[in-house]
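Enquirer: Sequence:
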Amino acid sequence: MDNSLALLSATALSLGFVHTILGPDHYLPFIVLSEAKKWTVRKTMFITFLCGLGHVLSSVVLGLIGIGVGISVNRLVEVESFRGSIAAWLFIAFGLVYMVISIRNLARKKKHSHTHMHTGGELHVHEHDHTANHVHVHSSEVMKTTPWILFLIFIFGPCEPLIPLLMYPAAANNLSGTLIVSIIFSVVTIATMMGVVLAFKLGFSKISLKPLEKYSNIIAGAMILFSGLAIQFLGL
Numbered sequence: 001m002d003n004s005l006a007l008l009s010a011t012a013l014s015l016g017f018v019h020t021i022l023g024p025d026h027y028l029p030f031i032v033l034s035e036a037k038k039w040t041v042r043k044t045m046f047i048t049f050l051c052g053l054g055h056v057l058s059s060v061v062l063g064l065i066g067i068g069v070g071i072s073v074n075r076l077v078e079v080e081s082f083r084g085s086i087a088a089w090l091f092i093a094f095g096l097v098y099m100v101i102s103i104r105n106l107a108r109k110k111k112h113s114h115t116h117m118h119t120g121g122e123l124h125v126h127e128h129d130h131t132a133n134h135v136h137v138h139s140s141e142v143m144k145t146t147p148w149i150l151f152l153i154f155i156f157g158p159c160e161p162l163i164p165l166l167m168y169p170a171a172a173n174n175l176s177g178t179l180i181v182s183i184i185f186s187v188v189t190i191a192t193m194m195g196v197v198l199a200f201k202l203g204f205s206k207i208s209l210k211p212l213e214k215y216s217n218i219i220a221g222a223m224i225l226f227s228g229l230a231i232q233f234l235g236l
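Heads up: the sequence shown at position 48 corresponds to 48 in our numbering, and the numbers run straight through without jumps.
Please keep in mind that the hints were generated in silico from the structure rather than gathered at the bench.
Here the structure is a predicted model, which is why all the values come from computation and not from measurement.
Some clues are possibly wrong.
Claimed, not checked - With a straight-line Cα cutoff of 25 Å, these simulated PhoX-like cross-link-like pairs (lysine-lysine) come out: (1) K43 to K206; (2) K214 to K43; (3) K201 to K38; (4) K214 to K38; (5) K37 to K214; (6) K38 to K206; (7) K201 to K37; (8) K43 to K201; (9) K214 to K201; (10) K206 to K37.
What the hints assert, rightly or not - Just the calculated beta-carbon pair ranges, DEER-fashion: (11) F17 to P164: 15 to 25 Å; (12) L202 to A107: 28 to 38 Å; (13) I183 to K206: 31 to 41 Å; (14) F17 to K43: 20 to 30 Å; (15) Y215 to D2: 52 to 62 Å.
All C-beta atoms, glycine included, are put in the ideal place defined by N, C-alpha and C.
Please put together the full structure from these sequences, using the hints given.
Expert: Below you can see the structure in the form of structure tokens.
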């Protein structure tokens with residue numbers, strides 16, 4: 001390995017870690033949804049890995065195509081920026097819909113009383129909620145397909161530094177160098193995502209969140225919504 005490739009490999013390692021840590025959208029959705037939906041550690045890790053893989057592979061494939069057909073790096077940066085905007089709006093839409101559905105479901109679970117007058121003048125009061133009678137099929141489908149919605153969003157989400165700072169400079173030497181830095185960046189990115197999510201998952205298991213449990217889905221939706229807003233308007 002020559003000096004330039006060694007330097008790019010070290011850069012890939014550091015960038016993979018830093019860009020993941022500085023982007024809360026890389027781990028926050030998995031942390032809050034895992035708690036809200038009571039995912040096991042194994043399921044949480046699998047979903048995080050799958051989304052991380054889709055996230056990095058989409059940029060790797062795009063970069064390899066660009067290098068192969070001779071597309072300018074500036075053009076690919078524009079494409080990545082456009083993809084990032086799509087991902088941000090998808091995060092915003094998903095978080096908003098998830099939050100609204102969660103608020104509605106919570107309202108339906110709230111018990112209220114009805115008073116009835118029976119024959120003979122006897123007054124009867126009973127409590128009930130509307131969870132059994134008014135479950136909306138589409139709302140249920142949205143909640144059940146959450147992992148796949150996340151996967152779709154992460155496919156659109158670009159790894160911004162990968163193509164201009166790593167893949168194209170490495171391609172100046174040879175294709176194998178491009179593959180090496182891409183693999184290093186991808187492995188570090190996915191490992192960092194999984195490591196942060198696992199740390200929070202294990203940490204929350206030591207803390208009693210019972211008072212917030214009934215609001216967990218609303219909080220999850222709000223956090224995803226704010227993540228999308230931060231990406232779109234703050235450039236995180």
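Enquirer: Confirm or reject each hint.
Expert: Comparing the hints with the structure gives:
1. K43 to K206: Status holds; Cα separation ~19 Å.
2. K214 to K43: holds (21 Å)
3. K201 to K38: This hinted pair holds, its Cα atoms lying about 10 Å apart.
4. K214 to K38: holds (12 Å)
5. K37 to K214: Satisfied, since the Cα-Cα distance of roughly 11 Å is no more than 25 Å.
6. K38 to K206: Distance ~14 Å between K38 and K206 Cα, so the pair holds.
7. K201 to K37: Roughly 12 Å between the alpha carbons, so the hint for K201 and K37 holds.
8. K43 to K201: Satisfied, since the Cα-Cα distance of roughly 11 Å is no more than 25 Å.
9. K214 to K201: Between K214 and K201 the Cα gap is close to 18 Å, so the pair holds against 25 Å.
10. K206 to K37: holds (17 Å)
11. F17 to P164: 15 to 25 Å: The hinted range 15 to 25 Å holds for F17 and P164, with Cβ atoms some 18 Å apart.
12. L202 to A107: 28 to 38 Å: holds (33 Å)
13. I183 to K206: 31 to 41 Å: For I183 and K206 the Cβ distance comes to about 35 Å; the hint holds.
14. F17 to K43: 20 to 30 Å: 25 Å Cβ-Cβ, so the 20 to 30 Å window holds.
15. Y215 to D2: 52 to 62 Å: Given about 55 Å between the Cβ atoms, the range holds.
The structure agrees with every numbered hint stated previously.
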